[in-house]
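Respectively, the protein sequence lines represent chains H and E.
Residue numbering for the first sequence follows the UniProt record's numbering, starting at 1 and increasing by one per position.
Residue numbering for the second sequence follows the UniProt record's numbering, starting at 1 and increasing by one per position.
There's no promise every hint is true.
Any copy will do: because identical chains look the same in the list, a pair fits if it lies in one copy or spans two.
[To be verified] Straight line, CA to CA, 35 Å or less: simulated DSBU-like cross-link-like pairs of lysine-lysine: (1) 683 / 121; (2) 667 / 683; (3) 770 / 447; (4) 683 / 770.
Derived by calculation from the structure, the hints in this document are not laboratory data.
Number of protein chains: 2
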Amino acid sequence: MANVAKKVSWSGRDPRDDEDERAGETTPLLNGTGPGSAGGARQFTPSSFLRPGQLSNVDLNEDIRELETELPRPYPNEIPHNEKLLSLKYESLDYDNSENQLFLEEERRINHAAFRTVEIKRWVICAMIGILTGLVACFIDIVVENLAGLKYRVVKDNIDKFTEKGGLSFSLLLWATLNASVVMVGSVIVAFIEPVAAGSGIPQIKCYLNGVKIPHVVRLKEGPMIHSGAVIAAGISQGRSTSLKRDFKIFEYFRRDTEKRDFVSAGAAAGVSAAFGAPVGGVLFSLEEGASFWNQFLTWRIFFASMISTFTLNSVLSVYHGNAWDLSSPGLINFGRFDSEKMGYTIQEIPIFIFMGVVGGILGALFNALNYWLTMFRIRYIHRPCLQVIEAMLVAAVTAAVGFVMIYCSRDCQPIQGSSVAYPLQLFCADGEYNSMATAFFNTPEKSVVNLFHDPPGSYNPMTLGMFTLMYFFLACWTYGLTVSAGVFIPSLLIGAAWGRLFGISLSYLSKGSIWADPGKYALMGAAAQLGGIVRMTLSLTVIMMEATGNVTYGFPIMLVLMTAKIVGDYFVEGLYDMHIQLQSVPFLHWEAPVTSHSLTAREVMSTPVTCLRRIERVGTVVDILSDTSSNHNGFPVVESNPNTTQVAGLRGLILRSQLIVLLKHKVFVERANLNLVQRRLKLKDFRDAYPRFPPIQSIHVSQDERECMIDLSEFMNPSPYTVPQEASLPRVFKLFRALGLRHLVVVNNHNEVVGMVTRKDLARYRLGKEGLEELSLAQT
Amino acid sequence: MANVAKKVSWSGRDPRDDEDERAGETTPLLNGTGPGSAGGARQFTPSSFLRPGQLSNVDLNEDIRELETELPRPYPNEIPHNEKLLSLKYESLDYDNSENQLFLEEERRINHAAFRTVEIKRWVICAMIGILTGLVACFIDIVVENLAGLKYRVVKDNIDKFTEKGGLSFSLLLWATLNASVVMVGSVIVAFIEPVAAGSGIPQIKCYLNGVKIPHVVRLKEGPMIHSGAVIAAGISQGRSTSLKRDFKIFEYFRRDTEKRDFVSAGAAAGVSAAFGAPVGGVLFSLEEGASFWNQFLTWRIFFASMISTFTLNSVLSVYHGNAWDLSSPGLINFGRFDSEKMGYTIQEIPIFIFMGVVGGILGALFNALNYWLTMFRIRYIHRPCLQVIEAMLVAAVTAAVGFVMIYCSRDCQPIQGSSVAYPLQLFCADGEYNSMATAFFNTPEKSVVNLFHDPPGSYNPMTLGMFTLMYFFLACWTYGLTVSAGVFIPSLLIGAAWGRLFGISLSYLSKGSIWADPGKYALMGAAAQLGGIVRMTLSLTVIMMEATGNVTYGFPIMLVLMTAKIVGDYFVEGLYDMHIQLQSVPFLHWEAPVTSHSLTAREVMSTPVTCLRRIERVGTVVDILSDTSSNHNGFPVVESNPNTTQVAGLRGLILRSQLIVLLKHKVFVERANLNLVQRRLKLKDFRDAYPRFPPIQSIHVSQDERECMIDLSEFMNPSPYTVPQEASLPRVFKLFRALGLRHLVVVNNHNEVVGMVTRKDLARYRLGKEGLEELSLAQT
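Bound conformation, chain H alone:
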């Protein structure tokens, strides 16, 4: 089979694009979107052909770049957004240690005792991650509770006042303004300062754990709990913060992708654990999302961090709430205990639960489809920060208005006695009664969910629940993807709990009020079905819900519901997180290669030709290769340096762009005439200090004389990179790549000569579509 040259699509690119990128290269904010971050070792030749049927316009992220540079575009509205595209702007993380001489010398110097110290440090860091994540969760909980309490009290007083006097429109205004102003603050921060903080952070963490470097994903900033945990972990484990410009000179051993990722896993788990009081669920979340190459010790540490996080949260909150040391209600979002005696289920209900799973799958697919169109709309038309802030404020105000109108129109009055409503709104109800619709809208969503689960039968009017589900569904769908830090978990649970309870009430009507039809139980299943239908997680979600309800026996029906919802939902459209990852054109590697991809071999998948370096190379050549903005390779095979022959030579090792840059920066080379002189020695520390933000090649000055010097790469290259023969099938290559967390995989022929290179993008572009194997096109941006 002939080698197939890789194609990349160029069309009508504004020349200023490249200027923008190059300008961006030197400013920290744009770091990672510039050319320095594109692509693995791959040569892109604009002249290479396009396969028929492939779209040629690839300016996917033009909008984003425009957003950053605020330059007028000639044709911003004509850009078709296309998810059948893989962006090259995302770098890969490298979980394979570069086993060069420096590394081996250090590892050999370290004795057994020192390794134990390193191991103890890992545990200490995990404990710190757990404690800090728990504390952050406490802080968030207390602030949210107080702010929400303040808001609801103010609005309630106002409504109570104006109910009598008339002029409730003023109350509406007050509520909408309060909502909008709070959202404005959050939105401005996100839109103008840190765009990665938008959304729930889960897609970003998914990508990071998968091995994709999302710029700024673990830099200091606020965000929902999972993301917070990850950020804390990245900060602590490196013993420094680039955002705060502080280096504590500790934990330097952990300054590499491998170690950092392990800690981020622990942080994400601690975040889930704190949010739901689900330490095991947290561990499984981390495993489900990231761990293709984990081990027992790592899992223990992750579990340790999770446990500490829940424990810290519990201890502090128990003190704050006055009942010190009562550690029985873990988690920010506590579903309340489901008692098996009161709310058991029978085997006859299993088909009903499965039916609810089907409903959840369909509703979830609808939610995702609507959100997809909305996201496309946003990408096309709402890319200025000010527009984004206005949209966020608009959503906040509309939410308040819809809530208000619904409450106003509702005639569902319930006796106030014996109910657990925090802010009962009397409105037009009789004395001693409250408006039931208000409990749903006029409450933090976390509390509303618990109320829907646990309020006794008869607390809600079916009409109220139906209207609430309908309105909240669309509002939540509109909210997800706004430029605020907000997730989809709680809204999904709330929607699901509402229609689940409605379903339960209908059932009890049908069955003439049988004892088994407790609507709370159906609210729980509905919540699981809706959440499962939207995010399509199963294992970790089952465990999270089991732990949040504190009931093991509910595990089986919850799992059934989640699986049904996933299968049904997958039939229509992808999960919400996967959809957003795909819309960002992230080269995400799934668990396995597409099942029908055995027909492809490494020969067809790999990028070729590969830019190789000789073992003893001219400095000028290295600089030129690194400066070549059209290729931007990150890893270079090192071949035997035989100056007398021009033929392809045997593979000797692999060296990374980052390593070359450190070598050039420290002037590690000798004059050609003095090749016998010893090069300057570097230490591993020099590489670690530069991690993770290595300077761009443009910032390193190499004089004309220095260009003629020679650089000996033997000591710095990885002498044993993983290789595959050309005949290896795509699934085989994929397995090796995924299991070891590789960034570069060299393809060699029978004589160990380099014939190609496989990087993450080469594997991620093959996908199983509706009509079989699909191939995504690659985009430079």
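Place chain E on chain H using the hints.
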């Protein structure tokens, strides 16, 4: 560095040994202990040297062989047993698909829909595994409950009768005889028919999931739940049973190591899930023990099987117990619900729990050390089945006698009213009272554990608990390793619960009966500490105990206790399972290479020289290589067949012994003169039908003419075996090997020429000992 030739130790081997082995080769019972199962591709030369300090006597399993063949030995008692030895009798499983042309053709023929069918089949099999495991658990539960009930009723009536009349020694005799006769039946089955069924099965399943083929480990037989689940899984997934000689002609696609192992994981998880009502714990058990290379879909299936298993068990047992469809008490061993309100813990108790962990670690280490000496004794002196049966009966009788004497001597009477004792023995107590010591001994251990957890304060006399702990500790230690199917889980829990409760009672004396010192809580922590100190599992055990108690908040202290117990215990001696694995000289691969092994490279680790085959090879050569009993390689690198040169040639592929045997059996070769003729075509089915018990080479007749034919391996070899360069460090080789579940890893030089081969034994022999890196010697047996 010079290549280090591999050594194997031979000394004073009875020539009949080899005859035994060869004879065994053709009988199914001995399959796997004969020469066909030894070693990877490695040449053992008896002339190779021994390093100083290495023991030269390696006839570890002589005893076992003797046990099987019953031949008199000249010097059976002189054999020093040595755990610094690695046996070559264990084959590896192969989790790397041989990607030869046949395989690729099949995979390419299968379209997307067919893959979906395969996937659905996997789920169906997992559901069946879950259901069957659950049913087996039910069966065991009901039988044990009834048998034990019968036994206790008979003995109780007898004791009640003779307490008045005098002559209790007859009751003692009755009890001891009953115990001994039940144990005799079990022991005879194990000792004479299926020796692998001895013990808990957990070490064997650990090894299997690790990738070691333990003969008969998943053949049909009875055994504790974890093992039962695994056996069921192996049986169902292959669609046939070799023990029962039935082939249902279904699930043929799954007849390979990769698929089978996945199902066995699910089976083991289902077993744990059924035993403890801990579906998540079951999944984590499988992951903790086996999964270095798992993925999400597999984990889901494992979880599914676990859930189904608990659910089945629950449903059937709820019907059996009359309260149909009450699914709230999952698991055979139910710890009873620990209610947070009644039995909460405070932060001040954490140090106390940690102290209990320390105690558990020390006691566990003591238990293991004693059991170690006992096992050594057994290996040396008790190797005849009749002796083993007698020992088992002796232990059973002594257990009854000790229990009887303790009950007899006890003067701890408790009021019978309000207690939950199943078989209250009055003995010399006043009317309306029962003997408290009898509740501990005169009960199934499962029930005793629950009683210790939940009986109200004051139910037990400290003296009673102390004596019970002491006696039970030694009895349990003596019992583990007998030739009966019996685990260590429940006895450990019981010992720990007893001393934990004692500890709790002492605390409440010290603290003048403060409310927080509920002895049941300390019984739970003691049980965790003791079990952790013995088996040294942490993550899965924490989750299992969390699920068995139905209480999430206890997770944190249980984890602390388990970790402390593990750290303290590891300081003294290994975990019980690991110890037994090591005593069997199993080449077990841990999670990571020893930390200080960076100084070793593939060059030093690999076996060399390697027996290679040419791509077109003479049949006679193949037969000779396969028949060479001194080497018994299982995988052969295939090199370019250039008849004109004798130099080392480039690697082209890898072929397995099993594949060659199938080729020879089907006469897939052509005459040398007719090389252009097409060889007979084989189908993948021909290989699958022979799996997993390929015939030995001796059973295949190859005539002298046929020996001169040529065999073309191109179509059958794996053309892209994984390789490493000689410079790769041991941790790097280890990671590749472990992450992909390899069996053979070819070491090549810079020109892709074969220089060595790394197999499981080459990696497993490096171990971190007390004084740094240790190297085990290899033994042919």
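Quick rundown of the hints versus the structure:
no. : hint      : result
1   : 683 / 121 : within (22 Å within a copy, 55 Å between copies)
2   : 667 / 683 : within (13 Å within a copy, 60 Å between copies)
3   : 770 / 447 : neither (41 Å within a copy, 56 Å between copies)
4   : 683 / 770 : between (52 Å within a copy, 31 Å between copies)
Checked against the numbered hints above, the structure breaks only hint 3 and satisfies the rest.
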